[in-house]
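Let the sequences and hints guide you as you build the complete structure.
Protein sequences, first through last, are from chains A and B.
Residue numbering for the first sequence follows this note's numbering, starting at 71 and increasing by one per position.
Residue numbering for the second sequence follows this note's numbering, starting at 1363 and increasing by one per position.
Simulated from the structure, these hints should not be mistaken for lab results.
Don't take each hint at face value.
What the hints assert, rightly or not - Here are a few chain A residues that face chain B, going by a calculated C-beta distance under 10 Å: (1) GLU73; (2) ALA112; (3) LEU126; (4) GLY179.
Said to hold, decoys possible - In silico negatives: residues of chain B with every beta carbon more than 10 Å from chain A: (5) PRO1468; (6) HIS1494; (7) ASN1572.
For glycine and all other residues, C-beta sits at the position ideal for the given N, C-alpha and C.
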Amino acid sequence: MNEVLIIGGMALVTFLIRYPVLALVGKIEMPKRVMDALRYVAPSVLAAIVVPVVLLPNDKPIQQPADAIPALATLLAALVMWRSKSLLATVMTGMAAFLILRAALLSLGV
Amino acid sequence: MTAVSTPRSEFLAGMRDTFPMVVGGAPFGIIFGALAVHAGLSPLGALSMSLLVFAGSAQFIAVGLIAQNVSPLFIVVTTFVVNVRHALYSATLAPYLRHVKARWLPLMGFTLTDETFVTVFKRFEEHGATPHSQWYYFGSSAFLYTEWQLSTLAGIVAGRTIPNPQSWGLDYAATVTFTGMIVSMLRNRSTGLAVIAAGVVALIANPLPNRLGLMLAAVAGLVAGVIGKSYFREDQEVGHE
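Here it is, written out as structure tokens:
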């Protein structure tokens, strides 16, 4: 079937994105300005992943109480991280809050 | 710096720091495995994709396209668009990896993910590159790789018995982990500005296909960060290096 073609092609392009820059840039001296700018990649990408998931659940603005659960749980997770500095504690509380809020809303029939 | 770092201690530190990401990522793998068999991929194909591609969001999108019988070429091109952000990750990490022997770089490239990138980047920012930093990297990426294969397998096995894998809401765990990482990176005002800019652009660009919004938002965050840095005069503070 097409599976071999699809998976082989996906593996190849993904590797060709990840590896060459890694191999090249180490050999070339990057200007300090570029390096300073690249420092913002990590926080920016993370924000770009999280914000739409939280504020546009199912690609729509928050309308019902259930839609607001990810936002509430994320807010709590951010607070836990800020106070505890523990990523594991953050994941645990965030997930627990998410599941508890959802179960509570389900049981209320909202 | 702390105690003497050895390849072993670095590898274990990489694993330890990545553990929350592993917890957050496992549900994703399970859902991926289940969706893949629902989409008509063979169990071996689903596992091979995790083994050979190892890119969560691209795999999700590919499986969605496979379910719609889209041509292989289109799927491969889509994968490129979805994953192109990894080139930015490579460029960000490469300066810290200058001392690493060239033979390790293909394996590092192959196992590069969002999770390993942010974990390793944070480490390099705080500790600088150490002689064994490739082992920190591998501790992180090997842990995630193993988790991704095992969770994919679990999803494949469970897939047939679960009618609607996406409805569990467990994929939300990764969002929480990433939120924690953002908070831990908010060290100065320019980073805050970058986060806000990236978030706003990601919201506006959300309707764009293939996670193009993600790439746009990353660039917006980068630009905002650079502007913020000079506006808040952070370059006059003492840096890490």
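>> Confirm or reject: HIS1494 (chain B) is not an interface residue toward chain A, with every Cβ-Cβ distance exceeding 10 Å.
In response: 16 Å, holds
>> Min Cβ distance, LEU126 (chain A) to chain B: is it shorter than 10 Å?
In response: 6 Å, holds
>> Given a cut of 10 Å on the nearest C-beta pair, is the interface hint for ALA112 (chain A) held or broken against chain B?
In response: 5 Å, holds
>> So, as I understand it, the hint says GLU73 (chain A) touches chain B; can you test that by seeing if any CB pair is closer than 10 Å?
In response: 4 Å, holds
> Closest CB-CB distance from ASN1572 (chain B) to chain A, is it above 10 Å?
Replying inline: 13 Å, holds
> Does PRO1468 (chain B) really sit off the interface, with its C-beta more than 10 Å from all C-beta atoms of chain A?
Replying inline: 6 Å, violated
> When the nearest CB of chain B is found for GLY179 (chain A), is that gap smaller than 10 Å?
Replying inline: 17 Å, violated
In summary, the structure is inconsistent with hints 4, 5 from the numbered list given earlier, while agreeing with the others.
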